[in-house]
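One letter stands for each residue in the lines below.
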Amino acid sequence: MKKKAVIELSHLYKSFGTTDVLKDFNLNLFEGENLVLMGKSGSGKSVMIKCLVGLMEVDKGSIKILGKDISKLKQNELDELRTNIGFLFQGSALYDSMTVRENLEFPLRRHSHNTEKKTEALVKEALESVGLPETIDLMPAELSGGMQRRIALARALILKPKIIIYDEPTTGLDPITAKEIILLMMNIQEKYATSSLIITHDVDCARVISNRMILLLDGKDYAGGNFNELASSKDPKIKAFFK
Amino acid sequence: MGNKSLLLVSVTGFILGLVFTLQSRPTLMEFGAVSWMPSMISISIVREIGPVIIALICAGRIGSSIGAELGSMKVTEQIDAMEVSGTNPFKFLVVTRILAATCMLPILVIIGDFVALIGSAIIENAKGDVSFLLYFNQVFEALKFTDLLPATIKTFFFGFAIGLVGCFKGYNSKKGTAGVGKASNSAVVFTSMLLFVLDFIAVFITDIFYN
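So the protein lines, in turn, are chains A and B. Numbering of the first sequence is given in my numbering, commencing with residue 1 and proceeding in unit increments. Numbering of the second sequence is given in my numbering, commencing with residue 1 and proceeding in unit increments.
None of these hints come from the bench; they were simulated from the model. Treat the hints with care, as some may be off.
Stated by the list, open to error - In silico DSBU-like links for lysine-lysine, alpha-carbon gap of 35 Å or less:
{"id": "1", "chain 1": "A", "residue 1": "Lys-68", "chain 2": "B", "residue 2": "Lys-127"}
{"id": "2", "chain 1": "A", "residue 1": "Lys-162", "chain 2": "B", "residue 2": "Lys-91"}
{"id": "3", "chain 1": "A", "residue 1": "Lys-160", "chain 2": "B", "residue 2": "Lys-182"}
{"id": "4", "chain 1": "A", "residue 1": "Lys-40", "chain 2": "B", "residue 2": "Lys-182"}
{"id": "5", "chain 1": "A", "residue 1": "Lys-72", "chain 2": "B", "residue 2": "Lys-4"}
{"id": "6", "chain 1": "A", "residue 1": "Lys-117", "chain 2": "B", "residue 2": "Lys-4"}
{"id": "7", "chain 1": "A", "residue 1": "Lys-60", "chain 2": "B", "residue 2": "Lys-4"}
{"id": "8", "chain 1": "B", "residue 1": "Lys-174", "chain 2": "A", "residue 2": "Lys-23"}
Said to hold, decoys possible - From the derived model, a few chain B residues whose C-beta atoms are all more than 12 Å from chain A:
{"id": "9", "residue": "Asn-3"}
{"id": "10", "residue": "Val-19"}
{"id": "11", "residue": "Val-52"}
{"id": "12", "residue": "Ile-53"}
{"id": "13", "residue": "Gln-78"}
{"id": "14", "residue": "Val-84"}
{"id": "15", "residue": "Phe-160"}
{"id": "16", "residue": "Lys-182"}
All C-beta atoms in this analysis are idealised placements derived from N, C-alpha and C, irrespective of residue type, glycine included.
My request is simple: use the sequences and hints to build the entire structure.
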């Protein structure tokens, strides 16, 4: 049976002045899959995910998340829909004036009506799932880059989202920490049965984690398939990604 | 933001009172009008100098802090993270800061004015042998409701301007850390100019109503 698409991007166009960033870009993320989107720096990957979560408006095209067209949603409906999406930012984007505990409590306090005890338990569970329960009362500035990325992942997970979007999850990390983050992403996918959209140009990360891949080139979904299909392609433009 | 600015506002107010009294004394003595000192100082400080100087100090202290904080949150994607988590960052970050600045500035100005009058009273006591009781009797005799009300009302607008400009500049900052510095700097510069314009408008309107 064909799986249901949780994200459907159809014929997206986005330009800045005379620069066309997305030109007829299409993407479907199906339930339970890990879809990797690869592209060169400046190819429009970040623009695409900003459009996807409603931080930017597209010029043309439609974006459906969990069957809902986001351009037709009111702000409160969009905010409600966003609670189904966990987002791991490239720079972690932890609130630096708050402790780790407060960072994790922030989405919980806004979107659920849990008791203090339940909130505490959820925070501890999320921290344990990323292997950092001891950091609960530390400030983000006291953590290393890899630890910050894990805490950001815990924050993205805390509302038990159906979809997680990873923006360059391993960029700026040493190979060992990058590998730990990849393993963590796989564990999370297994434990929470989320659908993941992973934006990366890290070939190792793509090889390990992807069920399916899409290459973003010249603003279009240039090619798609699993890692082996794309890595063995004869097309020089595709081969360039796997060198 | 109010309690963290209290020391700065108090020190500024105290020195303002001291210096203003020291500088005015010789001129008033020359005209034999030194007994008018408490009235002159209190009216000048409460009506004009206190609100404007303290608002400028707060524009530097609070406006720059808001601009830098929001600017830094913007460039490190913290504001985007908030929005993506389904929280309206405008309500959470901007409205609260503008409200806080609007409510706190009048309180800071009242405290600053009072401390400035204490500073002035100390000089009068030391140089002119005027007791504190006599000094403050004259101050309260000179000050009228029409001095206090417009001066207090305008400080709400000053606070609003400090919060609004700081938030606007920070929220719209771009281009990395350089952008944060620029946002913080332009928040102070723009707020300072805006405060003088608002002060002029406030004085103009007060003049129409009371004179």
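Verification of the supplied hints:
no.: 1; hint: A:Lys-68 / B:Lys-127; in the structure: violated (78 Å)
no.: 2; hint: A:Lys-162 / B:Lys-91; in the structure: holds (26 Å)
no.: 3; hint: A:Lys-160 / B:Lys-182; in the structure: violated (39 Å)
no.: 4; hint: A:Lys-40 / B:Lys-182; in the structure: holds (31 Å)
no.: 5; hint: A:Lys-72 / B:Lys-4; in the structure: violated (45 Å)
no.: 6; hint: A:Lys-117 / B:Lys-4; in the structure: holds (33 Å)
no.: 7; hint: A:Lys-60 / B:Lys-4; in the structure: violated (49 Å)
no.: 8; hint: B:Lys-174 / A:Lys-23; in the structure: holds (26 Å)
no.: 9; hint: Asn-3; in the structure: holds (16 Å)
no.: 10; hint: Val-19; in the structure: holds (37 Å)
no.: 11; hint: Val-52; in the structure: holds (31 Å)
no.: 12; hint: Ile-53; in the structure: holds (29 Å)
no.: 13; hint: Gln-78; in the structure: violated (5 Å)
no.: 14; hint: Val-84; in the structure: violated (5 Å)
no.: 15; hint: Phe-160; in the structure: holds (23 Å)
no.: 16; hint: Lys-182; in the structure: holds (20 Å)
Of the hints listed earlier, those the structure fails to meet are numbers 1, 3, 5, 7, 13 and 14, in rising order.
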